[in-house]
Amino acid sequence: MNFYRNLSIKQKQVVWAWSFLAIPVLFYTVIRFYPTFGAVVLSFQEWNLLSDKSWVGLENYQKLFSDPVFWKVFKNTFVYLLIGTPLSLVISFAIAYHLDKVTFMHATIRALYFLPFMTSAVAMAWLWRWFYQPVPIGLFNNILASIGIPQLPFLNSTFSALPSILAPAVWAGLGFQIIIFMAGLRSIPTSYYEAAEIDGVGSWTVLREITIPLLKPTIVFLVVFSSIGFLRIFDQVFNMTTNDPGGPLNSTKPLVLMIYDTAFNAFDMGYAAAQTVVLFTILLIVSLVQLFIMRERKYD
Amino acid sequence: MTNAFDYSRKRIAPAKVIRWTLLALGGIAMVMPIVFMLSTSFKWPHEIYNLKIIPDEPTIENYTYVLEDGRFYQWFWNSLVISTITTISAVLFDSIVGYTLCKFRFRGRMIVFVAILSTLMIPTEMLVIPWYLMAKDFGWLNSYWGIMFPGIMTAFGTFLMKQFFESVPNDFLEAARIDGLNEFQIWWSVAMPLVTPALSALAIFVFLGNWTAFIWPLIVTNDPELYTLPVGLTTFSVEQSVEWELIMTGAALATIPTLIVFLVFQRYIIRGVVMTGIKG
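Chains as they are written, first to last, in the numbering used here: chain A, 208 to 507; chain B, 4 to 283.
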């Protein structure tokens with residue numbers, strides 16, 4: 208204790224700071240950084256948990272890039288992203304834009320849109336899976352049948368299986384995006400709108416020239432947030448295709464499901480690690496693009 | 004005068020009424036899937052094929068059946084314990100780290116901050132394989148600790164709390180220092196009470212994240228006694244295969260707790276989403 212007493216106020220602060228940080232620094236080193244490097248190292252090895260690890264150089268990556276299933280999965284992952292992100296952003300913006308102008312029962316309507324965000328993806332996957340069942344079980348096909356429209360195959364066709372899995376993911380995420388959009392809309396100074404009104408500018412022009420440009424930070428945040436979410440889609444796919452993992456002819460299989468299968472069903476740890484490195488690279492590129500766009504904003 | 008007033012009101016009204024009606028119908032459509040889940044969980048097997056929301060002969064038979072074997076109680080308890088402990092841990096650690104990085108000046112501060120922030124870019128899916136191997140070596144498979152350890156601190160929460168502690172005036176901390184409080188007391192009894200809205204927002208996010216977490220609990224447990232609710236629900240649903248009224252009952256049991264939490268804390272939850280969206 209004498210040692211501590213003899214320190215200056217500034218030195219005491221340093222001692223406190225590092226004692227607050229000791230356990231967290233250990234945590235981030237052991238549970239975040241070390242496993243990251245572990246995954247990269249493992250991607251150059253072959254290991255099935257039982258035998259000894261052996262170095263194979265770039266073999267896992269070569270195998271991956273010449274595997275047609277990987278390219279199928281790669282394509283699927285980007286289809287989730289390229290349909291999911293724009294679709295959910297356009298819908299949620301349209302709702303937020305109008306809901307922002309509604310005052311009567313505003314909180315109640317907002318709650319209705321937000322409610323699905325609070326659910327577990329696993330429970331909702333099974334719920335939607337029931338909706339998609341053929342007549343006489345599934346809700347959607349029963350509704351179609353009652354108005355005389357032929358059945359749709361939903362999860363059972365290579366064409367419609369992926370959108371069928373995407374639908375509950377988009378649905379459950381809308382509430383979050385609506386809330387963020389409305390917060391963004393509220394943060395635009397009303398003086399801009401007043402000025403536009405004095406100038407007699409139409410509402411479409413106001414939307415295009417004022418609202419959307421000023422919402423850019425919100426839009427960038429939501430694009431990145433939802434892109435990362437769709438690139439990592441797993442819970443819905445896993446639960447909606449338990450009878451046929453990855454859907455008919457792998458038509459719904461995303462990268463994370465391929466990683467899971469390779470690591471925990473085939474126990475091909477090195478190969479799975481190489482796939483996680485690819486996922487990491489994709490997410491890194493998405494994040495860097497975001498940083499780039501946000502940087503640019505400062506100067507305009 | 005009154006006529007003119009009425010006329011202008013009526014002229015504006017139709018567009019507003021249409022907007023309101025469409026939004027309300029959209030909102031109802033959003034919750035319809037959940038309504039059908041709840042409705043089906045109260046139906047007899049022969050009734051699940053009709054489209055009625057109110058069952059002809061409502062029954063709680065499904066709930067009695069699903070809860071009878073006791074597994075759902077166990078999974079519910081596991082999820083509750085794991086989510087609660089993880090939330091307390093993450094809120095405390097994230098706020099003390101965020102506070103330290105915000106209010107202390109020392110060499111290495113930026114390095115620690117950037118290092119923690121950079122872990123945001125590492126996806127969980129990349130870490131699950133090394134975590135699994137680690138858990139296997141240390142005997143953490145099939146244990147609460149094994150499920151919890153990756154989440155006891157979060158980089159996102161640390162960043163969020165650092166942002167919020169910026170709004171705590173340094174004068175307050177200095178005054179407490181002069182009063183003879185030590186740095187831990189200053190953090191706990193001066194700074195923390197000033198950021199309670201942020202703490203509750205973070206707590207809600209961490210809790211919900213852990214309550215619905217799927218891939219890691221799926222990997223780290225294979226003993227049904229230790230499943231969390233989502234993993235348990237998956238196994239249960241695969242077992243039932245075509246008994247949709249039972250699957251819907253299981254799904255409802257997993258969903259109802261968060262729906263109650265939402266209805267009770269709605270204002271705080273929405274405010275929390277807004278705060279994290281703006282600061283995050």
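Calculated from the structure, these hints are not laboratory results. Incorrect hints may have been included.
What the hints assert, rightly or not - In the DSS-like style, the derived pairs of lysine-lysine whose C-alpha atoms are separated by at most 25 Å in a straight line are: (1) 219/A - 106/B; (2) 260/A - 270/A; (3) 308/A - 217/A; (4) 217/A - 106/B; (5) 139/B - 260/A; (6) 19/B - 308/A; (7) 282/A - 270/A.
Stated by the list, open to error - Computed list of chain A residues with no C-beta within reach of chain B, every gap over 10 Å: (8) 277; (9) 414; (10) 466.
Cβ coordinates follow ideal geometry from the N, Cα and C atoms, glycine included.
Verification of the hints:
no., hint, result
1, 219/A - 106/B, "holds (14 Å)"
2, 260/A - 270/A, "holds (18 Å)"
3, 308/A - 217/A, "violated (53 Å)"
4, 217/A - 106/B, "holds (13 Å)"
5, 139/B - 260/A, "holds (16 Å)"
6, 19/B - 308/A, "holds (9 Å)"
7, 282/A - 270/A, "holds (17 Å)"
8, 277, "holds (15 Å)"
9, 414, "holds (15 Å)"
10, 466, "violated (6 Å)"
Checked against the numbered hints given earlier, this structure breaks hints 3 and 10; the rest are met.
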